[in-house]
Structure formats: C-alpha cells, structure tokens
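Q: For reference, the chains in residue letters:
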Amino acid sequence: AQSVAQPEDQVNVAEGNPLTVKCTYSVSGNPYLFWYVQYPNRGLQFLLKYITGDNLVKGSYGFEAEFNKSQTSFHLKKPSALVSDSALYFCAVRDSNAGNMLTFGGGTRLMVKP
Amino acid sequence: EPEVTQTPSHQVTQMGQEVILRCVPISNHLYFYWYRQILGQKVEFLVSFYNNEISEKSEIFDDQFSVERPDGSNFTLKIRSTKLEDSAMYFCASSRGRGPENEQYFGPGTRLTVT
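Protein chains in written order, with my numbering: chain F, 2 to 115; chain U, 90 to 204.
Please keep in mind that the hints were generated in silico from the structure rather than gathered at the bench. We treat Cβ as the ideally placed atom computed from N, Cα and C, and that holds for glycine. Incorrect hints may appear among the rest.
The following residues of chain F were derived to be distant from chain U, with all beta-carbon distances above 12 angstroms [unchecked claim]:
{"hint": "1", "residue": "GLN46"}
{"hint": "2", "residue": "THR53"}
{"hint": "3", "residue": "ASN56"}
{"hint": "4", "residue": "ASP96"}
With a straight-line Cα cutoff of 25 angstroms, these simulated DSS-like cross-link-like pairs (lysine-lysine) come out [claimed, not checked]:
{"hint": "5", "chain 1": "F", "residue 1": "LYS70", "chain 2": "F", "residue 2": "LYS114"}
{"hint": "6", "chain 1": "U", "residue 1": "LYS131", "chain 2": "U", "residue 2": "LYS167"}
{"hint": "7", "chain 1": "U", "residue 1": "LYS146", "chain 2": "F", "residue 2": "LYS50"}
{"hint": "8", "chain 1": "F", "residue 1": "LYS50", "chain 2": "U", "residue 2": "LYS167"}
One-sided and incomplete, this derived list gives chain U residues near chain F with beta-carbon spacing under 10 angstroms [to be verified]:
{"hint": "9", "residue": "PHE154"}
{"hint": "10", "residue": "SER184"}
{"hint": "11", "residue": "GLN193"}
{"hint": "12", "residue": "GLY196"}
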C-alpha cells in the first residue's frame, strides 16, 4: 500500500528566508510524486510533480522539490519565502503498481512572517 | 485558465437524506475523481471514473455512494442515505489522461454537513 508522511504540522519562516516542507513516502513500485497548495476557501492547486528524470523539479511560484530515492523523500523548497506563500501544502504520491489514485499526506501549514 | 467547479459550496442535510454533489470538470479532461477530507484528517480517494464507468474505488466508496456523468459536462456524487460520519469536504478532480504525467486538477470542494 502507498503512504505519505508530512512530519511537520506547521512550518514557520521569515519572509526572505529559504523554506523547506518535508515529505516522505512509501510505495511498492515506482513513485510519482506531487505537491499541491491550498489557500483558504480554494481547492487543491497543483504546484509540481516528479515522474522520472532529474531529481530536482521546478514548479509554479518559484517552488522546487528534490526527489531522493534512497531517503524516500520529496521535500518542497523555495529559496526566498514570501508572505503570500502562507498556505496549506499537501504532498501526494501515486504508485506505479497501483491505479491513478493519489494518496495524500496530512498537510503542512506554512506561515511566512514579515 | 480552465478550472474545475463544484456546487454547492456548502450543503447541510439531515441524517438519512440523499445528497447529490455536483462538479463540472475541465472540458477536455477524460478522467474524473472524487476525494473527501474529514475535518482534521487526510484527503482520501473515493473513486475514479472514465468512459462512463468506475475505474477504481476505495473501501470508503460502498453501496451508499454512486457517481454519474448525466450529461457532457457534469459529474455527480450521490450519497443515498447520509450518515453523520459522511460530514466532510468533498473534492472533485479531473485529469486529461490516466498516466502520471497528467496531473489531477481539483475543484474548490463542497462542505457537506450531516446533522
């Protein structure tokens, strides 16, 4: 069975500082990994994905994520945080041995303070 | 930019009543999904739908649930006899294709409250 863990319920960072939101996963086949962001009263908005190829993937709004197979991780990063990045971030995985359902982590609230 | 839309944004119903949650997927997408998120818990997959058939479903998606694409644009989730534990945010999603390169696009959700 596939699973995702986001070990931090909340991450606090000062504006302008780098941010990292952690995600680890477990699958039986190959992982397809996704990050979504949720703003208040909005749906889950796709940020980026890793399917294959380069371990560092770049996405929307300056976010990037690094796939690390040995550590089964897919941490979300941004070099310089903005106050407007404050939101709820979800990591999700799809297992190549399963169908096209996504399994989500519990979410991490990112708070960027001015 | 095309978006998945859902109606209503909030639905309150009494236990035992039937509810229908509606979604309009992105127009050129072929795969449709329902997920739910009980307050304080993870987003959970319910069902995926392609070519007018269910392609996958989770254990949550029991006989009380059904999905339908009644016309060329709408995709609905019906709960026949709601229970208190059905209270959750229900998200509809769609994707262009089945492969992992086709990310799923989510709607804003319908908050279902069963009293």
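Q: Does each hint hold? Answer for all of them.
A: Hints, one by one, checked against the model:
1. Remark: the non-interface label on GLN46 of chain F conflicts with the geometry, its nearest Cβ contact in chain U lying 7 angstroms away (cut-off 12 angstroms).
2. Its beta-carbon lying about 9 angstroms from the closest one in chain U, THR53 of chain F breaks the requirement of being farther than 12 angstroms from that chain.
3. With a cut of 12 angstroms on Cβ distances, ASN56 of chain F stays outside the contact zone with chain U, its closest approach being about 16 angstroms.
4. With a least CB separation of 10 angstroms from chain U, ASP96 of chain F falls inside the 12 angstroms interface cut-off, contrary to its annotation.
5. Restraint check for LYS70 of chain F and LYS114 of chain F: the C-alpha separation of about 32 angstroms exceeds 25 angstroms, so the hint is violated.
6. Straight-line distance between C-alpha atoms of LYS131 of chain U and LYS167 of chain U comes to about 21 angstroms, which keeps the hinted pair within the 25 angstroms bound.
7. Proximity of LYS146 of chain U to LYS50 of chain F is assessed by CA-CA distance (about 23 angstroms); at most 25 angstroms being required, the pair is judged to hold.
8. In summary, the hint linking LYS50 of chain F to LYS167 of chain U is not supported, as the alpha carbons are separated by about 31 angstroms, beyond the 25 angstroms threshold.
9. For PHE154 of chain U, the shortest C-beta to C-beta distance to chain F is roughly 15 angstroms, which exceeds 10 angstroms, and the interface hint is violated.
10. At a threshold of 10 angstroms, the smallest CB-CB gap from SER184 of chain U to chain F is about 7 angstroms, leaving the interface hint in force.
11. Hint status for GLN193 of chain U: holds, given a least beta-carbon distance of 6 angstroms to chain F, under 10 angstroms.
12. At its closest, the beta carbon of GLY196 of chain U sits 5 angstroms from a beta carbon of chain F; the interface hint therefore holds under the 10 angstroms criterion.
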